[in-house]
Amino acid sequence: MATQVHPLEDAVIGPNQNNTTITEKISDIVLGKDAPLFWYIGVLAGLSLAGGIAHGAAWLVLKGTGVWGLNIPVGWGFAIINFVWWIGIGHAGTLISAILLLFRQDWRTSINRFAEAMTLFAVSCAGLFPLLHVGRPWLAFWLMPYQNTMNVWPQFRSPLVWDVFAVTTYATVSALFWYTGLVPDLATMRDRAKTKVVRRIYGIFALGWRGSARHWERYESVYLILAGISTPLVVSVHTVVSFDFAVSVIPGWHATLFPPYFVAGAIYSGFAMVLTLAIPVRHFYKLHDFITMRHIENMAKITLATGLVVFYGYMTELFFGWYSANEYEQYMVMNRISGPYWYMYWTLIFCNGLTPQLLWFRKIRRNLVLLFVISLVVNVGMWLERFVIVVTSLHRDFLPSSWGMYFPTFWDIILYLGTIGQFVLLFFLFLRFVPMIAMFEMKHLVHKSEQVKQG
Amino acid sequence: MSNLFCIAAEFDDEHKLLEACNKTRQAGYKNIDAYTPFAVHGIREALGQPATKMPWAVFAGGLLGLSVGFGLCYWVSVLELPYNVGGRPLNSWVSFIPVTFECTILLSAFTAVFGMFGLNGLPLPNHPMFNLPSFLRASQDRFFLVVESDDPKFEPSKVSAFLETLNPLEVREVEDE
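For the protein sequence lines, the chains are A and B, in the order given.
For the first sequence, my numbering gives the first residue as 20, with consecutive numbering after it.
For the second sequence, my numbering gives the first residue as 22, with consecutive numbering after it.
Every clue listed holds true.
Facing chain B, a subset of chain A residues (Cβ under 10 Å, in silico):
hint	residue
1	THR39
2	THR187
3	TYR238
4	PRO251
5	HIS463
Okay, the calculated bits of chain B under chain A, using three or more residues with CB under 8 Å as the criterion:
hint	region
6	117-127
7	154-165
Hints listed in this document are in silico derivations from the structure and should not be mistaken for laboratory results.
Cβ atoms here follow ideal geometry from the backbone N, Cα and C, with glycine treated the same way.
When you get a sec, could you build the whole thing from the sequences and use the hints?
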């Protein structure tokens with residue numbers, strides 16, 4: 020083979036790391052007195068952008084959803100686009116922590132903690148949109164089944180109700196999974212804390228964990244089970260999200276392709292987001308021994324693989340538009356390609372169809388700057404995908420007399436930027452206050468690789 | 022008056038710990054436990070502890086979630102608010118699957134997490150082991166093997182002498198309070 024493999028760079032953990040060094044390196048990021056400048060910049064940027072939520076939500080609540088660009092025929096605009104975008108991003112976290120655990124992919128260990136944190140924060144951003152889209156968020160509890168004076172119940176045959184169950188279950192289970200995985204590390208933080216207050220705070224969240232063998236036995240069993248049940252869960256969540264579209268009869272939505280295509284798209288955008296976060300974090304916190312080139316390259320490969328599935332989905336949509344012999348489906352396809360939103364469609368093809376092809380090359384997969392740029396392009400592409408699906412299908416459906424156009428207003432945009440701010444802010448707070456790499460799992464990894472060496 | 026909770030031997034390596042656990046079990050001690058910074062493979066067998074039954078509990082939780090989820094859909098759609106849409110059957114069970122599935126997962130996860138912490142007796146703010154000053158490193162890079170004082174064969178001087186033969190870093194008595 021012409022290409023040389025560098026064994027050190029491709030290990031899942033750097034050489035000379037042992038139980039002591041792992042603990043020190045990772046917990047000192049949190050317990051150290053000062054954060055790097057990069058952290059302050061991140062928090063400030065996140066905080067300023069997150070103001071957009073307060074601003075956008077306050078105006079929305081005062082005036083109603085009319086301040087958004089929504090209209091009839093396009094009743095689903097930014098709110099749904101952003102909701103699906105964020106939920107999709109969240110899925111990579113669960114994929115890394117659950118599915119890769121089941122497949123015994125050791126390399127997941129150093130990235131699963133912050134990928135799961137990313138899931139939680141992305142889901143919290145996603146949740147805001149349907150909540151605000153109802154217009155009166157204080158009445159959002161109407162979505163839940165409960166005995167009420169109006170004497171009505173949710174319609175359990177509607178995908179929108181399935182979505183409520185899927186997303187709330189997903190948020191709850193992700194939070195439980197994340198916290199369960201965090202407890203032993205919080206105990207480490209408690210035991211390493213330098214002041215009494217810090218020890219107390221971590222102590223409370225560590226629940227008195229003491230690492231007894233009896234406890235580990237149950238813990239390991241439950242952790243594996245959580246991974247096992249999160250795997251079908253994550254697939255079900257985006258499947259149900261796709262049902263919101265696919266169960267309707269709108270041209271371009273009513274397709275059996277939607278569930279697998281949405282799930283692949285979710286994983287694709289999620290891995291791109293993990294790369295967007297991991298590359299700078301690895302650089303600024305000098306985590307080269309923990310997030311090695313092997314991690315980066317594997318993530319790039321998964322991005323490429325799922326990107327191809329997504330691109331296949333686009334091609335299938337075009338094919339079935341023609342093959343359906345249905346006038347409306349055929350028009351929808353032509354309208355996407357050459358209608359008033361043609362530039363959105365072609366930018367989408369550039370972002371999700373062409374750009375990931377660069378990842379075929381090993382040189383590009385190992386070039387961090389290029390990879391970071393590609394991951395951003397993919398994130399943009401996945402947002403455009405949802406825009407194209409939601410808007411181009413709705414704005415010209417059946418009757419030309421009820422065709423229209425959709426353009427976001429200032430209030431749509433500020434709320435969207437606000438959620439990006441919230442995501443960035445939460446992520447930076449996480450970096451500072453929670454050990455970002457699962458220490459006990461890294462130690463386990465060292466332990467296992469030693470066993471392999473010794474035979 | 023404080024009693025002994027256990028006698029603890031400290032190790033700096035999981036392989037030494039495993040060996041020590043095996044020897045302690047073979048020496049006939051029953052109430053023994055280990056405290057480790059991560060789940061050490063093979064320690065359950067070395068300590069002679071039973072395998073956990075958590076999977077069965079989670080399975081039961083999942084079944085409960087399944088019945089609750091389907092029951093909710095059925096009760097609402099068939100019994101409480103029967104709503105005739107074009108003469109379609111009220112018990113359209115296929116449409117109830119997503120909600121049933123999500124409830125199954127949710128209750129399984131609750132059973133798993135709360136069951137695990139519950140059976141582990143957590144949250145527990147304090148525990149005798151925390152009286153041991155070096156125990157701070159049990160969550161970092163040290164491994165402890167303990168013989169608890171309620172062991173039928175427990176005799177402080179004999180246990181200490183036995184643990185010393187296992188080549189630990191040190192052997193300490195841990196008080197009850």
